[in-house]
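Protein chains in written order, with this note's numbering: chain A, 1 to 264; chain B, 1 to 685.
FYI, nobody ran anything at the bench for these hints, they're computed from the structure.
The model shown is predicted, which means the values in this text are computed figures rather than measured ones.
Where hints are given, some of them may not hold.
Stated by the list, open to error - Below are the DSS-like pairs computed for lysine-lysine, each with C-alpha atoms no more than 25 Å apart in a straight line:
#, chain 1, residue 1, chain 2, residue 2
1, B, K181, B, K159
2, A, K119, A, K49
3, A, K39, B, K339
4, A, K199, B, K603
5, B, K307, A, K106
6, A, K199, B, K153
7, A, K107, A, K94
8, A, K107, B, K159
9, B, K339, B, K443
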Amino acid sequence: MISRLRWTKTSFIFGGIALWGLVLIGCVSVNRAVLAPAKIAGAEYVGTKDCAQCHSDQTDHFKNATHAKLALSDPKVGNISCEACHGPGSLHSKAGGGKNNIINPKKSPEACFTCHLDKRGEFSLPNSHPVMSGHVSCVDCHDVHTGNAIKGTGVALESQNETCTNCHTAQKGPFVFEHGAMREGCTACHNPHGTINQKMLIARDANLCLRCHLETQAAAGQINANAIGKPNNHASSRMMQGTCWSSGCHEAVHGSNANNHLRR
Amino acid sequence: MQKTTPHLICVAGVLTATLVAAPQLSAADAKNSDAFPVFDSYIKVSGQAASITGNGAAYQANTGQSQQNGAGIEEFHYSKELPKDNTLTMDGRALSGSEDYLLRVNLAKADLGTIDVGYSRFRTFYDGVGGFFPLNSAWHPLNPQDLFVDRGKFWAEAKFAREDRPEFTIRYTNETRDGQKDSTEWGDSTVTGIPGPGTTDRHVIPAYLQLNERHQELRGTMKHTVGNTSFQVTVLGDWVNNIDQRFATLYPGEVGKESNVTTTDGVDTFTMGVMGTATTELSPLFTLRTGLRYQDVDNNFTGDRPKVSGTGVTTYDYFDLTGEATARITTGSIALDFKPTQDFTATFGLRGEHRKTESTATYNTGTPATPTARYEYSHIDEDALTPELGLRYTGIRDLALYASASKRIVDGTEDHTSPYTSGALPATYLFSTTPTEDHADYKVGANWRQSSFLTLRGEVFYKDHENKFSGSAPASALPPSITSSYYLLGSQFIGTTLSAIVKPVDSLTFTTRYMHQQGDMQVTGSSLTETDSLDSTTNSIGETIDWAPYQQLYVQASANVVFNVISTVYPHAGTATADGTLQNSNNNYWTGMFLVGAVLTRKDDLQLQANYYHAYNSNSNLADLTVPYGVSVRSLTVTVGLKHKISDRCIASGKVGYFDTKNDTTGGFTNYRGPLAYVSLDYSL
């Protein structure tokens, strides 16, 4: 006869009690701190001046950074300083630097998630940049030490789209025929933090396009789409079945070198 | 239920007693004397395995882990002080399965500089799941479904940095992307079960991309400070060499109808750029920031799009595409920071940009035996001006207030081959457009630390954008009716973010973040009065609870709930054919994470973790008509981990768990579940 483990309520309850007992014993007998991610055991806050001694290239321009806007006038009270993101720096400062005694948000997004809770949810979605696995970090796209956190906005010399095309070179162009949506930026159609849709699209169906390309009856000279008015083109039936780019028509959504309707 | 009640009371009693007693006991010694060692130089080897029941490709795409399992060096770090103030640092990683590799060598000499050389590579997975049709349970996945792209990066950097001398950095990077990934160009075939003409005949099924991309950059930077001015000059050369292909099969498996379309895009782009920025402390009141950049982009491209039928007959949408697109972009910026008091800062900025592009392309349609030459052309010349104002005030105790406003005003001209152009003589067919943009962005926010108990943050933004295109063409344009055109797109987005950090005691923190966004867009056309084209709403609330009652225990729970609807005019104003068939896009979901870490013994730590994701957007109205695009997925992963100190130089970790994902969007064809295991050994060098 084969004995099989049975998971009953009773076994869960007594198993839980046993586990809790172990934790209790650990609490009583062991003097070791375990901390949630993005915290450093045994470290204390030392202030920005200590950081500036070695990292002046970061601290010198921080006053113009987006995050610096949140800083309060009293540096002792709830300040937005280096240690707000990098954790208490006493051990790092005392050791004259080091890797394991300071939080590096470039290696782990947990420090960013402390305030940006929604981004933890978005990066947990299947269609997202691989931030959780550490292959992409928040600072690859955001400048946290100077200027606007969203690169390429305001009076920055770079354009916002360059943040994306630095990796996604196929979408960089220039193209013979540009898609006007690129004027609003890649984020007009994609949420780079992650969405429930493939390719991080903010919508997976034709609504993505119809936000701008309002369907109207065909008329001479109009630039916008006019699919419903042209049933002979099967546009309306294709649209109701799916999307505008999926149907083999307007495939070159980022720009085309062959067709000003962004057809291939 | 009656039987378990006494047990629950018992458990609650034990928990309560523990909560009361343990802090008193553990507070006796707070020196962290049993802490696990922190290694300066170490190697961590690990292996992980999962036994997957169901769709392995979906498992790979969603988890980023190979279904083939894997093992290797998860992390290697070596640091050593060398003679003459030199420091050598090495980092490495070599994980099979996920094909995740890293080797980095850094040599630093105090008051001289650093040399940094490395190579990294990792794999991202994709699943070619294609579309699912509920009527006849038809599913059109790619074969094979498990696709991946390897991303590699080599870099070499030398920095010369002596105190009070100009700092020079030269850096070369070579990035590659090779492999196959899925495409969103999928949907249906005639084998859908959907009745009626037009609805069964869309000719497109799953496609995938074959990437062969290389991106090189050589960048030289000089930084220095002279007096009150610190400046930086950067010169770069940037090369992009891509040959990407999209493979689509039409009517898969249908005798006499199946064919393959291959679209090839070749790109060779060279960008030369020069950029300089300077920051000058004019006085304690004023700081001036200036910048200038010039970019020269030269993009040479090729391409074709043959279609091969099942009988081997090749036709072309186009072939022998060649052309060149160039862009000259000059950008300048100036900003003045004004700080009249310790508590008030104002920033006035202005950015100007001139962009000029010139592009030509030639290609053939028809067949190589009887080609028809085509010619495409475009020219853009436009100026953009962006003024910006930023304000910040901290004169009220424990309160920071800030605001910003910016405009983007664009005016220019575009000339391009007219719509439906068919051929030679581009001047005859030139279509001219005057594009203008008027974008306004505003933001106000506050950070208020009410007490150690409560911190509140709030921010409101408003965007009002207008993009306008006025076009005209000569009467000779094709078709002749297209002689003038007008398109105006307006959009307004307003958003609010509210955050609250509540800390009733030092060991307990509640962080809440609520976001609301409302978006509206309007389109005005040549024969169309202003009409609403978008009404979108997003509400998102996130909550994280951090609880660490003792130093030997922490609990972290986090959840994020999102309601998003994108509504366009189509479902409400379509023809009889279209009525009711295109619904709003709903993108509702929630995610949750629960994490517990605890000390078990002097040498053992425990960690429990659960992750949950649920999207619920299936639309029964679409199920009988088309692919149900609304995402409906439920996914849960639970793990239990143990960390054990073997010696002062060696720490072992192990984790076991279970995952279960159900995907209704694909009719259950991409479900997967199973147990997983992970072990690692961390050894001090």
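Note to self: What's the verdict on A/K39 and B/K339, does the C-alpha distance respect the 25 Å limit or exceed it?
What the structure shows: 35 Å, violated
Next item on the list: Sort out whether B/K159 lies within 25 Å of A/K107, counting only the CA atoms.
Entry: Cα-Cα ~23 Å, so holds.
Checklist line | 25 Å limit on alpha-carbon distance, applied to hinted pair B/K181 and B/K159 | finding: 37 Å, violated
Note to self: Tell me if the straight-line CA distance from B/K339 to B/K443 falls inside 25 Å.
What the structure shows: 20 Å, holds
Item checked: Restraint status (C-alpha distance of A/K119 to A/K49 at most 25 Å) -> 30 Å, violated
Check: Do the alpha carbons of B/K307 and A/K106 lie within 25 Å of each other, as the hint requires?
Finding: 46 Å, violated
Checklist line | Restraint check for A/K199 with B/K153, where alpha carbons must lie at most 25 Å apart | finding: Since the Cα atoms of A/K199 and B/K153 sit roughly 22 Å apart, the hinted pair holds (cutoff 25 Å).
Item checked: Holds or violated: A/K199 to B/K603, with C-alpha atoms at most 25 Å apart -> Measuring from Cα to Cα gives roughly 44 Å; hence the hint is violated.
Note to self: Hinted pair, alpha-carbon criterion (25 Å max): A/K107, A/K94. Please report holds or violated.
What the structure shows: Holds, at roughly 22 Å.
Of the numbered hints given earlier, the model fails hints 1, 2, 3, 4 and 5; all others are met.
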